[in-house]
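Based on the hints, put chain P in the right spot on chain V.
If you read the protein sequences in the order shown, they are chains V and P.
Numbering follows my numbering, with no gaps: position 41 of the first sequence is 41.
Numbering-wise, my numbering comes out as the position in the second sequence, counting from 1, plus 1000.
Hints in this document: simulated from the structure, not taken from any laboratory.
Just so you know, not all the hints are guaranteed correct.
Claimed, not checked - Straight-line distance between alpha carbons at most 27 Å, and here's what the computed DSS-like set of lysine-lysine pairs gives:
1) LYS32(V) - LYS1115(P)
2) LYS1118(P) - LYS1131(P)
3) LYS1047(P) - LYS55(V)
4) LYS1144(P) - LYS1080(P)
Claimed, not checked - Residues of chain P placed beyond 10 Å of chain V at every Cβ, according to the derived structure:
5) ASN1042
6) ALA1150
7) LYS1173
Note that this is a predicted model, so its numbers are computed, not measured.
Yeah, the Cβ is synthetic: ideal placement off N, Cα and C, and Gly gets one too.
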Amino acid sequence: MEKKIPDRNKQKLYDDYEDSLFRLIMNEVAEKEGMLFEKENEILKNDPEYMPSQKAVKKFKKQLNACHRRNLIKKLHIAKAINKIAVVVLIMVVVFTTAMVSADAFRIKVLNLLVHVEDKYTSFQLTDSSAENKLGIEWKDSYAPTYIPKGYDVSDSYLSDTFKKVIFQNKQDKDSYILYTESGASNTLAVDTEEASLIEAVKINQTEGTAVTKGSLISIVWEMDNHIFVIEGPIDKEELVKVAESVKIYK
Amino acid sequence: MFIANEEDSTFLVKLYQDYYGCVYRNIKKRTNNSNDAEDLANDTFLKLADKVPLLRTFSSCELTAYVVYTARSVASNYNKHKGVQNKHMFFGEKDDIALDIYDREDSIEDKIVSKEEKAVLVNAILRLPEKYKNLLYFKYILEKSDEEIAKILSIAPHSVRQYLTRARREARKIMEKEMTDSGEKNTGSK
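If we strip away everything but chain V, and leave its shape as in the complex, we get (with noise of 0.2 Å):
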């Protein structure tokens, strides 16, 4: 049965037989043609009308050579840009295997904390997840803090696998609290920095973390461990900081 071709495959059909038809042909033509010009260009060739000036012989070759000089200069350059780039690549591969290989606190500061400033947040990551640096975490060996203003007692809790948090509660104060977070390496943390007035590093022992004030509310985030800690609330900069800063594995 004759299958009818759609009338736009049709015309596409035509258009490149068309173009490869006269490709082929076009190379007959300038073949032919090209003689033609050959035998004129032979009768021009001891025609002194037609022969190139001394001077226009001499601007041809300065040209050329200005061309070719641009070209070597142009390759040179490339050249120079590569070695460059190279020894550049080479150093930073070296200080930083030899840092990552060497020096935890780097490692946990350059790869291990992700830190996505967003719109409306800034999310923490732990992303080195890892098997063998990720900690199982269980109520029992887990990380709480050791020191607590006076005043606050512990008012909620919550646990899970990767998850566990405290809220302490002032008891003379019900709008002054304390939340404390603990998350694994696979979780991302939120913490809202929409329209927040400073956001600033705090050496959380020997880690470095982020402090941010929002209003009265401050946040401190850190990284120990492969775990990420989240104390907030709104009290003293200098007291979250030593909360945090108590931040002690439970065996």
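For chain P alone, coordinates are given in the frame of chain V:
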């Protein structure tokens, strides 16, 4: 412009000495300006500097044709910038490209060219007006892009394909006329 090495420079200098006459004559004829023709001839050979590896693959006749049509494209470009109306290249407003749309009555089978017809088509192209011949050369021999062709011919890039269709159609017309004439001649002589 790309010149890989000294060998390329030597090749170009020889090309310049061998084909200067042809290039100069073609440019002078098309620009009517002997003052600028010398510089334009030099420009033509500098333009060819990019194509040295390709030029080396050509037969002598193909090389000559390539050089001549490169010179013609340089001349056309010059005329365009000088605002000179080139009688060889000009595609006037009267050229209604809308007429060149695909003829639905034509079947592809009708357009397939036999070996015998191919030779006639070669001659037909040689007899085309220069503006069509240039267009076919720029497209299929110099392998210029539609944008480059459009710039040289001062037409819209999307019209290039339609002008090409027209050029090919004109060539076919000449071919068919030639075949009909030779058929009639053969019948008459019997």
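Here's how the hints hold up against the structure:
At roughly 17 Å between alpha-carbon atoms, LYS32(V) and LYS1115(P) fall within 27 Å of each other, so this suggested pair holds. This hinted pair checks out: LYS1118(P) and LYS1131(P) have alpha carbons roughly 21 Å apart, not beyond 27 Å. Distance hint between LYS1047(P) and LYS55(V) is fulfilled; the C-alpha atoms sit about 19 Å from each other, no more than 27 Å. A distance of roughly 17 Å separates the Cα atoms of LYS1144(P) and LYS1080(P); the hinted pair therefore holds under the 27 Å criterion.
With a closest Cβ-Cβ approach of about 5 Å to chain V, ASN1042(P) is found to fall inside the 10 Å limit, against its non-interface label. Look at ALA1150(P): its CB is around 17 Å from the nearest CB on chain V, clear of 10 Å, so calling it non-interface holds up. Remark: the non-interface label on LYS1173(P) is consistent with the geometry, its nearest Cβ contact in chain V lying 14 Å away (cut-off 10 Å).
In summary, the one numbered hint that this structure violates is 5.
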